[in-house]
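*Asks:* Protein sequences appear in the order of chains C and Y. Under my numbering, think of the first position of the first sequence as 131, with each following residue one higher. Under my numbering, think of the first position of the second sequence as 13, with each following residue one higher.
Warning: the hint list may mix true and false statements.
In silico DSSO-like links for lysine-lysine, alpha-carbon gap of 27 Å or less [what the hints assert, rightly or not]:
no.	chain 1	residue 1	chain 2	residue 2
1	C	K187	C	K208
2	Y	K66	C	K187
3	C	K172	C	K213
4	C	K213	C	K187
5	Y	K67	Y	K80
6	Y	K13	Y	K80
7	Y	K66	C	K172
8	Y	K65	Y	K80
9	C	K172	Y	K67
10	Y	K65	C	K213
11	C	K172	C	K187
12	C	K208	C	K172
13	C	K187	Y	K80
14	C	K172	Y	K65
15	Y	K67	C	K213
16	Y	K80	Y	K66
It is worth saying that the hints were derived from the structure and are not from the lab.
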Amino acid sequence: EPEVTQTPSHQVTQMGQEVILRCVPISNHLYFYWYRQILGQKVEFLVSFYNNEISEKSEIFDDQFSVERPDGSNFTLKIRSTKLEDSAMYFCASIGLGYTIYFGEGSWLTVV
Amino acid sequence: KNEVEQSPQNLTAQEGEFITINCSYSVGISALHWLQQHPGGGIVSLFMLSSGKKKHGRLIATINIQEKHSSLHITASHPRDSAVYICAVIRETSGSRLTFGEGTQLTVNP
Numbered sequence: 131e132p133e134v135t136q137t138p139s140h141q142v143t144q145m146g147q148e149v150i151l152r153c154v155p156i157s158n159h160l161y162f163y164w165y166r167q168i169l170g171q172k173v174e175f176l177v178s179f180y181n182n183e184i185s186e187k188s189e190i191f192d193d194q195f196s197v198e199r200p201d202g203s204n205f206t207l208k209i210r211s212t213k214l215e216d217s218a219m220y221f222c223a224s225i226g227l228g229y230t231i232y233f234g235e236g237s238w239l240t241v242v
Numbered sequence: 013k014n015e016v017e018q019s020p021q022n023l024t025a026q027e028g029e030f031i032t033i034n035c036s037y038s039v040g041i042s043a044l045h046w047l048q049q050h051p052g053g054g055i056v057s058l059f060m061l062s063s064g065k066k067k068h069g070r071l072i073a074t075i076n077i078q079e080k081h082s083s084l085h086i087t088a089s090h091p092r093d094s095a096v097y098i099c100a101v102i103r104e105t106s107g108s109r110l111t112f113g114e115g116t117q118l119t120v121n122p
């Protein structure tokens, strides 16, 4: 069974610090996503990435967020200056042919 | 108002019961996903539907595009089915991103 892997599984960071969340999508997939879920709330879309560029982003995905696919396998989400309200579970996902979506196990980010 | 509404929010069942979770949406869609979120947080895709009905083991998902409604059924429920079940849609106007419902917390007691 193919899988999307995410690191770290949990990170605690000081407010104002930069955080990088890493994802390895399934190798032959073409569309990549970051979603987040604040504790007790529904999952929200952040950004989608196709052909090495952002294809869509939500209003949440402001200038403090960025995504990169630096080496053709990793897919990273950077939060430049974390705020308390960035505390959430961040999910990476990818879609291949057939449009089945695969999610990573998530990265819990706690901003203190 | 949420674009994707699920009911019920919480559901408790006895082992063996037939379970139905409903999803209504208010936008045009190209596809609908049913997802399962484990207690640890991980999300797994159960079904993707654009019409009709799909079955996988004890799980059945149906969609009525005209009525903008989908249902997820679990036959012969088991405590291991306890999880949050999430309906998510791909809107016709928004590429391939998912718009999520609030989820239904299912607890199946032995």
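*Asks:* It remains to establish, for every hint, whether it holds in the given structure.
*Replies:* Hints and how they fare:
no. : hint            : result
1   : C:K187 / C:K208 : holds (14 Å)
2   : Y:K66 / C:K187  : violated (31 Å)
3   : C:K172 / C:K213 : holds (20 Å)
4   : C:K213 / C:K187 : holds (19 Å)
5   : Y:K67 / Y:K80   : holds (20 Å)
6   : Y:K13 / Y:K80   : holds (15 Å)
7   : Y:K66 / C:K172  : holds (25 Å)
8   : Y:K65 / Y:K80   : holds (14 Å)
9   : C:K172 / Y:K67  : holds (26 Å)
10  : Y:K65 / C:K213  : violated (44 Å)
11  : C:K172 / C:K187 : holds (17 Å)
12  : C:K208 / C:K172 : holds (22 Å)
13  : C:K187 / Y:K80  : holds (25 Å)
14  : C:K172 / Y:K65  : holds (25 Å)
15  : Y:K67 / C:K213  : violated (43 Å)
16  : Y:K80 / Y:K66   : holds (17 Å)
Violated hints, listed in ascending order, are 2, 10, 15; each of the other numbered hints is respected by the structure.
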